[in-house]
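S.K.: Here is how the chains run, residue by residue.
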Amino acid sequence: MIAALKKLMKDNYGIKQINDDDNFKKDYGLTSFDFVNLVCLIEEEYHIEIDEKDYRSLNTVSELIAYLEAKRAEAQ
Amino acid sequence: MAGYPYLDVVVYNNFYEMLHSVYGKTPEEIAIRYREKEAIRDISYREMLEETTSFYFYLKNKGLENKHIGILSENRYEYLTIYFATVFKNVIAPMDKENVPENLWKQIHDFDISVVFYTDKTAHLVESFQTSEEVEFINIDEVYSDIIEDKHSIDLLWEEIKDTDSDRFCVLGFTSGTTGDVKGAMLTQRNVTACLRGALQNNVLKSPSLAVLPMNHTYGFNPGILCTLYNGGTICLTVNIKHFQRDLKEYNPYFVSMVPMIAEGVYKKILAEAKRQKKDKLLQRMIKVSNFLLKFKIDIRRMLFGNLINKRLKFISCGGAPLNPYYVDRYMELGIYLLNGYGLTECAPLICINREFDMDSESVGTIIKEVDAKIADDGEILIKGPNVMLGYYKNPEATAECMVDGYFKTGDYGYLKERRLYVTGRKKNLIILDNGKNVLPEMIEAKLSNLDWIKECIVTTRRVNDNRILVALIYTEEAPEDIQADIDRINESLPEYMRLADYELMDKEFEKNSTKKILRSKYGE
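In order, the protein sequence lines correspond to chains V and Y. The numbers in my numbering rise by one with no breaks, and the one at position 34 of the first sequence is 34. In my numbering, each residue's number is its place in the second sequence (first place is 1) plus 1000.
Just so you know, not all the hints are guaranteed correct.
[Unchecked claim] Each computed DSS-like pair below joins lysine-lysine, with the alpha-carbon atoms no more than 25 Å apart:
1) Y:Lys1522 with V:Lys25
2) Y:Lys1384 with Y:Lys1427
3) Y:Lys1428 with V:Lys6
4) Y:Lys1037 with Y:Lys1025
5) Y:Lys1268 with Y:Lys1288
6) V:Lys6 with Y:Lys1268
7) Y:Lys1249 with Y:Lys1037
8) Y:Lys1037 with V:Lys16
9) Y:Lys1106 with V:Lys53
10) V:Lys71 with Y:Lys1037
11) Y:Lys1428 with Y:Lys1517
12) Y:Lys1242 with V:Lys25
13) Y:Lys1288 with V:Lys26
14) Y:Lys1314 with V:Lys10
15) Y:Lys1447 with Y:Lys1106
16) Y:Lys1447 with Y:Lys1428
17) V:Lys6 with Y:Lys1060
18) Y:Lys1314 with Y:Lys1268
19) Y:Lys1288 with V:Lys6
[Said to hold, decoys possible] A few chain V positions that, by computed beta-carbon distances, are all more than 12 Å from chain Y:
20) Ala4
21) Gly29
22) Ala66
In short, the hints are calculated from the structure, not lab data. Virtual Cβ for every residue (Gly too), placed ideally from N, Cα, C.
Given only the sequences and the hints, what does the whole structure look like? Please build it.
M.R.: Quick look at the structure:
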């Protein structure tokens, strides 16, 4: 999952180095609009729906990955 | 300038004149288009006004005339019918769904709001004070379909509102005060319609338009949505920001109102997409060729780049926050006019916007026709005209303070070249984020100062990549072990956009002026 996220971040936001604890806003400078775009890309890639009300709890790379993994497990 | 006069636009001084005229001409024209689940739904002017009429009589029969009515809702079609049903006999207060319950309750209380219309999506914001006896909370999702079942003739609405007083206070626009308290700009229908007309006198607006900004945002709602209705056109609504890019393609709008964050985001996405398809170099080559041909007045931009966003998009108005002129030029290369504009809630909000044939990427635009602008001796931009509010609600001191010789003091510094305005800085310490949200550093600093261990602090911004984030600079002699826990607690009491993304500890006290005020300009960006 982290490898795929790395690729998305590199291709779309030019961010080359990704760490678990990185914060999307503080460390990558993602605006709320950028974050929604990232959500759209992830949804397309993984066929997962990320609920709008969950955005606020997804601040770091590890939070997003844990969320996506839980969603995938739910779907299986 | 002299060779490019203002455009002729029919004069409506209130919403009765506007809606009555537009409906009379094109009742079956589509007023609003939006996506309901996956299907596109079209609402004609007739349908919109039928529902407005039902809602108007619902309010009347409940005995709510003259009451202040709050609306706390995500972007949706019903926002418009409720707005029009309310604005004639009540005061409508568009509330920010990104605010925290504590602040919303303060607004309800301070601005005498008796009824709040909320939705399933905003219910969590009001659940803690729903039991209040002074304020009625009504869920739009629960009552709307029943309300519109009770049909009345639109003629009855016309009869009720034909004597509309254009100068009656009818919209409460929330705006930041310098001390941290929210102020309520009292706007009239004359204010709002003057702003709409002003926008249309600067540029030709063709239909349809796309609205993406939050509807409680004065800029997003008035120039962004009502302008199109003033013209009798179709406004497409992006009801979920996730679908914005798709809406841009599928609705194929001629005009979109944005804030810099979105305009920049859309452009970056175009570049990222080109790169992903390994066509970035090709795109740059095509731009070079197109720019070269333009020197010979050969314009093939639409043919070359029409598919990048959509084939029709011509104008993007950009307001709410300072725009980087770089993007004006980049959009222009693609054949899209990114029209930088400027305004304040107190001016309903439009003061000026760039014009198609008179663009200047450094300027915030040409002052709208009926507005008089001048520069004070200290450089502050002063505004007089039909768009200027009546004053601040229940705040005569603030009202007196913001006016000088009949002119409204904007709090911004700038200069004029004929009718073109240039903004050079802010008089107040207000931080304007790229998404158009205003942050008063003093408000967050006051909360930080309540922490015993903080001796001095300021809130400023730091740039990370292209985005600006909020940062607290703190001077302390004795920092606790878990500083972040204190910051988190403060963040929880603040709306999302006001939250501190980071903090920095300073190794010495801040530099101050002779009156012991921190020299803010020395710190942050």
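S.K.: State for each hint whether it applies.
M.R.: Hints versus structure:
no.	hint	in the structure
1	Y:Lys1522 with V:Lys25	holds (24 Å)
2	Y:Lys1384 with Y:Lys1427	holds (19 Å)
3	Y:Lys1428 with V:Lys6	violated (41 Å)
4	Y:Lys1037 with Y:Lys1025	violated (31 Å)
5	Y:Lys1268 with Y:Lys1288	holds (18 Å)
6	V:Lys6 with Y:Lys1268	holds (18 Å)
7	Y:Lys1249 with Y:Lys1037	holds (17 Å)
8	Y:Lys1037 with V:Lys16	violated (37 Å)
9	Y:Lys1106 with V:Lys53	holds (24 Å)
10	V:Lys71 with Y:Lys1037	holds (22 Å)
11	Y:Lys1428 with Y:Lys1517	holds (14 Å)
12	Y:Lys1242 with V:Lys25	holds (18 Å)
13	Y:Lys1288 with V:Lys26	violated (35 Å)
14	Y:Lys1314 with V:Lys10	violated (31 Å)
15	Y:Lys1447 with Y:Lys1106	holds (17 Å)
16	Y:Lys1447 with Y:Lys1428	holds (19 Å)
17	V:Lys6 with Y:Lys1060	violated (57 Å)
18	Y:Lys1314 with Y:Lys1268	holds (18 Å)
19	Y:Lys1288 with V:Lys6	violated (32 Å)
20	Ala4	holds (14 Å)
21	Gly29	violated (3 Å)
22	Ala66	holds (19 Å)
Hints 3, 4, 8, 13, 14, 17, 19 and 21 from the earlier list are contradicted by this structure; the remaining hints agree with it.
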